[in-house]
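Chemist: Below, each chain spelled out in residue letters.
Protein chains: 2
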Amino acid sequence: MTDTSDTTDTPPGRVRWIPTGRSIIACKPIEPDANTVVFSTRNPATGTVLPSRFQAATRVQVSDAANEAWRAFDSARAIPTSDRAELLRAIAQGLADAEDDLIQICAQETGLTEDRLSSELGRTTSTLRLFADVIEDGSWQRPAIDTPDPSRKPSPRPGLRRMLLPLGPVAVFGASNFPLAYSTMGTDAASALAAGCPVIVKGHPLHPGTGEIAAQVVAEAVRASPFPNGWFSFLHAGGDRERDIGSELLEHPCVRAAGFTGSLGGGTALAEIARTRPDPIPFFAEMGSINPAFVLPGGLSKEPVGIAQHLARAIGQYAGQQCTCPGLVFVVKGSHAASFIERLALELRGMPPTPMLAARIRKNYLSRLESLLALPGVRTEVGDPKEIRGASARLSDDKPTHEKPVLLRTNADTFLSHDTLHEEVFGPASIVVECENPAELARCAGLIQGSLAASVFLASQDLSIAEELVAILSLRAGRIVFNGVTTGVEVGHATVHGGPFPACNRSDTTAVGPMALERWCRPVAFQNAPGNLLPPDLRDENPGGCLRLIDGEPTRDRVAASKGGHPDS
Amino acid sequence: MTDTSDTTDTPPGRVRWIPTGRSIIACKPIEPDANTVVFSTRNPATGTVLPSRFQAATRVQVSDAANEAWRAFDSARAIPTSDRAELLRAIAQGLADAEDDLIQICAQETGLTEDRLSSELGRTTSTLRLFADVIEDGSWQRPAIDTPDPSRKPSPRPGLRRMLLPLGPVAVFGASNFPLAYSTMGTDAASALAAGCPVIVKGHPLHPGTGEIAAQVVAEAVRASPFPNGWFSFLHAGGDRERDIGSELLEHPCVRAAGFTGSLGGGTALAEIARTRPDPIPFFAEMGSINPAFVLPGGLSKEPVGIAQHLARAIGQYAGQQCTCPGLVFVVKGSHAASFIERLALELRGMPPTPMLAARIRKNYLSRLESLLALPGVRTEVGDPKEIRGASARLSDDKPTHEKPVLLRTNADTFLSHDTLHEEVFGPASIVVECENPAELARCAGLIQGSLAASVFLASQDLSIAEELVAILSLRAGRIVFNGVTTGVEVGHATVHGGPFPACNRSDTTAVGPMALERWCRPVAFQNAPGNLLPPDLRDENPGGCLRLIDGEPTRDRVAASKGGHPDS
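Top to bottom, those sequences are chains Z and A. When we follow this note's numbering, the leftmost residue of the first sequence carries the number 460, and every step to the right adds one. When we follow this note's numbering, the leftmost residue of the second sequence carries the number 460, and every step to the right adds one.
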C-alpha cells in the first residue's frame, strides 16, 4: 500500500511504502479477517515490540494463492520472454525506488545496519537484472535438436528437440538472515519468476513489514505487466499459523516446487512434506554450513595479519549470521600459528557487540556454544566461559540481543573425535583447530561436513598440501575460495551457492546465479513435432537466436536444410 | 573368464565367454566362498532351471568393492579424459566382439529374441561411443568463467570458475527388462564411467550369466587401461542375499550416488536408504510409467490402420515389458474410433504368445489385470476374462511364461473415477479409453500420472486440441512423440528419458543421452584460484578447447588478457 499524504516525512513526489499487515494474494491486499491469528515482531536491537500488527494467512487464503498461481501459470504460456525480463527489471527498479522505506523498516525488524541492508538490496536488484539479461537469450533453457534421418537403417532416426520447461507455481520460504536477498524477492523468488513460474512467498515472521513492502512493490510491477495477477502472492506467516502455512503450501496440488533457506531442522521437516505428498515435488533447501578456512603454513607466514583481519570480519560482522560465516579455522602448529591466533583474537575482541536477529536465535547460539565449551579439549580464546554458561536460560525476549564475537580453540585430536565440533554454530563464533602437521590438517578436511564454501589461504610453497586439500574440498564444498574469506557471495554466471548435505539437500544445484533458474524446470523432449507445436526457441527459425546444441554442435543458427530438413510429420 | 580351448563350438581365433558364477571385484573374479548363498535362474521360455550356479556377494565382498572403488577414484584424478573416452570405446568394442556369447546366454535367461537382444546390444555400444565422443569435448561439464575486476567499487570482483565435478563411486542396479542397455554396462554404468566415476554393478538375479559376461568384458577393458582395477566391480546378487546387497551398497560410505531401474516399490525402498544415511547420496530411480497415447480425431480419420498397427506392436512386442510401452490409448468416440479399436484388437489378436521375463513378473501382471477387470465399466476387447481370473494363483515356476496381448476397454468416466486405471500394467496389455469429445480427452490427460513418454497422433485439423494436450503433457511426460509410438528410445544429444513421479524420482534428469552424465556430478566454483590448482578445462589455456561461458558468453577461446587477466592470486 502506498501513501503519498504524509508530506512531513516524505520529500515531495516520493511514494512512501508502509506495511498494512495484510497478505497480498494475486497482487491484491486481502480484506481484513477477524478470525485470523495476529502477530507482531520485535526490534532485536532494543527488545521492544514494533507497532505493526500482521494477520497470518488463513488456510483458505493459502489455497486461494495456490489456485490463483496455477490459473495464472495456465493462462500465461503465450506471454513472451521479453515481458518476463521486463517484469524482473521493473521489480528491480521498484525495489531500488523503495530503498529508503525498505531499509528503514528492515533495520528495525532485523537489527542489521543500513549499510549492510543497502548492499544487500543492491545484490537483490542486480540479481533480478542479471536474470533478466540471462533469459533474454534462451540459451539457459539448454535447447538441443537432433535432426531426423529418414534414410537411416534399420529404422529412420526421429527428430528430437529438447528444452527445459517451467514446472509451475513455486513456493518460497524466506530466510531470517537475508531479509532482502533471500526473502520476498530474493534469489529463490527471482529465479522462479525468471524461469517462468508464478511465485507464492511465505513471509518470514521476523521481518514481516520488510517482506510486505517488498511484496507491495512486486505486486505493483506485476499488475503493470502482461502477467495475470495470480503470478505473485505474499502470505504473512507468524504466530500459531506459521508452521501450518508452510505445510499447507507444500501440500497444495497447485504448488509444483519450493525453495527454502533456514535451519537443518526446518528444511528437513519441510522436505519430508514435499517428498511424501501423492505427487512429490522438488524441494530445494539451503540449511546449515560450517565453511572451514584452511590457513596453510606458507600463507600464514606471508600475511598473518591480513588473514586474521579478514577472518575476524567474516566471523564477527552481522553477528556471524551469514550462511557463509567461517565456523572452523585450521592451522598447523608453530610460531606463525600462535601469533596468527593471537592476532585473530585481538581483532575479534575489538569488534563491538552486535544484535542477533531474534532472542530465539541468540538462545540457540548460546546453547550451542555452551555445549561446545563442555567438551574436554575445547577452550575459549575470545569470550568469557562464565558468561556463556547458563546464559541462554537467562535470556528474555524484551532485551537487546547483542553478542560479542567468540573464538574457541582446540586441537585436531579433539576435532576428529567429536562430531558436534563439525556442525554449524549460527552466530559470531568460530573454532580454531591446531593441527600437528599438514597431514593432520588434511585428515581434518576429510571430516568436514558438506559446506557452501571453504577457504584456503596459501602461498606458492603450499602447492602439494593445497592440491590434496582442493581434491578433498571439491567433494565437500560448493565453492573453494583462495586467499579470501567465504563471506560475500559474488553473483555471476559461474556462481555456485550450494553444497553437499547438510549445507543443502540437493548438492547438484545452486541457490544463487543463473544456474538457479534450472531448479524450477524439467527437460522435455519433443519427437517429430510439428513446428507450430514447439516452444519458439525449439523451432527451426530460432527467432531468439539462442545457442542450441544441433546434433551435438552448439550453434545460434536456424536449423539448416542440410541438417535433415523440417521435422514436421 | 575366457575360454579358447573349446574348439568344437568356437571358430578358431574367437574368444568364448562363459560365466563362472563368481562376482568380479576390482576387475578380478573372487575366490569361491563356501559360505555364500548360491542361486540359479530359469529359462522363462521353457521354465527349466539353467545349469549355471551363481555365488551371491557376501557383505565383506560388497564392502571390498566399495572400498576399492573409492581408492580408485582417489588415485585416478590425473588420468586424462582421453583415456576415459578410450576406455568407453574399448568396452563398446569388447561387448560387440562378445555379441554371440552374450546374446546366446541372454536369450536363455530372459526369453527375449536374438533380434531384439542384438538391437539392444547395438544401442548399448552406440551409447558408450556417443558418451566417449561427448567427453572428449569438455563442454558437457558446463565450465563457466567470470573474470575478476580488481577495480570494481565498492569491492573488487573476484574471479570465479565453475565446472561439474564427479561425485565418486556409483552403484548401479540393473533392470530385468533391458539386460544389456540398462544393466552391467547399460546407460547408468556407461554415464557414470563417462562422468569420471568408478562403478559397482549389482547384478540382476534374472540374468546373472549375461551380467557376468558383460562384466568380464568390462573388467578386461579396465585392466588394459590406465585406470586402477577398483574402477569396476560386479556383484552377483540373488537368493536371500539380493536385497541385503542392495542396502549394503547404498549404506556404504564410499558409495556416493546410485542409479536404479525397476519397480516403484523397489525404487522407493532403495531411495529411502540413500536418503536416510548420515550423508544422504543422490539416488536416481526410473520406475513405472503408463505412457499414454492420444489418438486425435484428425489423426484417426487419416491413418487408422497404420496407427493401430504401430500401437499393437508397441503394446505386444517383448510381452510389453518395456518402460515405454503404451498403457493407455485415448480416442474420441465415433465411427472412426470404433473401426480403429477393431483394427487394434485384430492386430493384437494376431500376435503370438511371448514369454515374460519370469514367473514372478507374469504373476504380478496377471494380478494387476484381474484387479482391473473387477472394475465396473472395464471390459476385455482382446483376451479372455475367464482365463485371466485366478490365473496368477495357478502359475508355477517351472512352466513357460508366455502371454498373449490383452486389450481392455473403458470410457472416460470410468477412467476419471478409478486411480488404479492410471497406474502401470507391466506386461502386454493396454487400455483403450473412449472419450465423448476432445474436452473430455483433455480432462483425462490432466489426470495422467508422471510418465516417461506420451504419444499424440494428429492431423492438421487437430491443432487446437493438440495445443492444449501438449501444454498438459509438457507437465506430465519427459518426451512427447508425434504420430509415433513411445517405444524405441532414440539415443541422441536431445534425448530425455525421465519424467515426473512415479516414472522417476527425479524428473529434472534423464537416464538416457549425454545429460545423464550430469547426474553423477556436482557444480563446484573456484574463487580466485591459482591456475595450477584448477581442473584443466577451467585453466586460462583451455587445452581441450571446450566451450566455456566466459562472463556469460559461450566461447571456445582461452581467457584473453582483456577479459581481466590471469586470476592467480
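I should point out that these hints are in silico values taken from the structure, not numbers from a laboratory. Some hints here could point you the wrong way.
Copies of the same chain look alike in the list, so a pair counts if it works inside one copy or between any two.
Said to hold, decoys possible - In silico EDC-like links for lysine to aspartate or glutamate, alpha-carbon gap of 20 Å or less: (1) 612 - 573; (2) 792 - 927; (3) 858 - 533; (4) 822 - 710.
As the structure is a computational prediction, the values presented were derived from the model and not from experiment.
Chemist: With reference to the structure, classify each hint as holding or not holding.
Modeler: To see whether the hints hold, each was checked on the structure:
1. Only between protomers do residue 612 and residue 573 lie at most 20 Å apart by alpha-carbon distance; the minimum there is 18 Å, versus 69 Å within a single protomer.
2. Within a single copy, residue 792 and residue 927 get their C-alpha atoms as close as 19 Å, which meets the 20 Å cut-off; across copies the closest is 68 Å, which misses it.
3. Proximity of residue 858 and residue 533 under a CA criterion of 20 Å is satisfied in neither setting, with 49 Å inside one chain copy and 52 Å between copies.
4. Taking the closest pair of Cα atoms, residue 822 and residue 710 never come within 20 Å of each other, the shortest separation being 31 Å inside a single copy and 35 Å across copies.
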